[in-house]
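Turn these sequences into a full structure, and let the hints guide you.
Be aware that the sequence shown starts at 1, since it is given in the working numbering, and climbs by one per residue.
Please keep in mind that the hints were generated in silico from the structure rather than gathered at the bench. All C-beta atoms in this analysis are idealised placements derived from N, C-alpha and C, irrespective of residue type, glycine included. Don't take every hint at face value.
Have a look at the derived ranges for each label pair, beta carbon to beta carbon [claimed, not checked]:
#1 43 to 135: 24 to 30 Å
#2 50 to 19: 22 to 28 Å
#3 119 to 37: 41 to 47 Å
In the SDA-like style, the derived pairs of lysine to any residue whose C-alpha atoms are separated by at most 20 Å in a straight line are [to be verified]:
#4 34 to 16
#5 79 to 27
#6 118 to 103
#7 67 to 35
#8 79 to 25
#9 13 to 57
#10 34 to 79
#11 13 to 58
#12 13 to 134
#13 79 to 96
#14 79 to 123
#15 67 to 79
#16 67 to 6
#17 13 to 28
#18 118 to 98
#19 34 to 63
#20 79 to 46
#21 13 to 71
#22 67 to 43
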Amino acid sequence: MIGNLTAHIVHRKAGSALDESVTLDYAERFLRRKRLVTNTGRAFLIDLAETTSLDDGDALELADGTKIGIAAALEPVVKVTGDLPRLAWHIGNRHTPCQICADHLVIRRDHVLEAMLKGLGAQMTIAMGPFCPEGGAYGHGRTMGHDHGPELGSGIKDHFHAHSHS
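Dropping the structure here:
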């Protein structure tokens, strides 16, 4: 790749001043170094300092100043309605990415989670749509499990952990 076709900079919620765009699903938007192709067929390299979770509406800036917008691709999702606080708790307890809307939740298709949610009384609608889940609680990005924190001298964790991992 030629240096001016390499992106090293991410702009969050870049707005409309974009030169091109690339459409990626949820899994594809988690990257550090990869060759991508814009929606118009222009190949470029993304080469970031660390693995980064890109969101719909972010942009990558190439060395020549070109800004390439990130668009969330359509993918198989489930729109979940019902007792949202309870359903969200059960989804979160399984460390599953979840898009939280005022009147529904959205998860990626997963037959095990769908069966669990059905058992909890959820109503579900299968659809193709962009998947843009809530970021991590401690900053931008994905939740990838969690750290239980440093152990204190007595071997007791320095916080309570109020959920099971089963």
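Has the given pair, residue 13 with residue 71, been kept, meaning a C-alpha gap of at most 20 Å? holds (11 Å)
Does residue 13 pair with residue 57 here, judged by a C-alpha cut-off of 20 Å? holds (5 Å)
Pairwise hint evaluation, residue 46 against residue 79, where the allowed Cα distance is 20 Å at most: violated (32 Å)
Between residue 43 and residue 135, does the C-beta distance stay in 24 to 30 Å? This hint holds: roughly 29 Å between Cβ atoms.
Given the hinted pair residue 79 and residue 27, is their alpha-carbon gap at most 20 Å? holds (19 Å)
Please work out if residue 34 and residue 16 have their alpha carbons no farther apart than 20 Å. violated (24 Å)
Are the Cα atoms of residue 118 and residue 103 separated by 20 Å or less? With Cα atoms ~17 Å apart, residue 118 and residue 103 stay inside 20 Å; holds.
Given hint residue 6 paired with residue 67 - CA-CA distance at most 20 Å: At roughly 11 Å apart (the allowed maximum being 20 Å), residue 6 and residue 67 satisfy the hint.
When you check the alpha-carbon spacing of residue 67 and residue 79, does it fall within 20 Å? Measuring from Cα to Cα gives roughly 32 Å; hence the hint is violated.
Satisfaction of hint between residue 28 and residue 13, Cα-Cα up to 20 Å: holds (18 Å)
Holds or violated: residue 34 to residue 63, with C-alpha atoms at most 20 Å apart: Holds - the C-alpha atoms of residue 63 and residue 34 are around 15 Å apart, at most 20 Å.
Does 22 to 28 Å hold as the CB distance between residue 50 and residue 19, or does it fail? holds (25 Å)
Checked against the numbered hints given earlier, the structure breaks hints 4, 10, 15 and 20 and satisfies all the rest.
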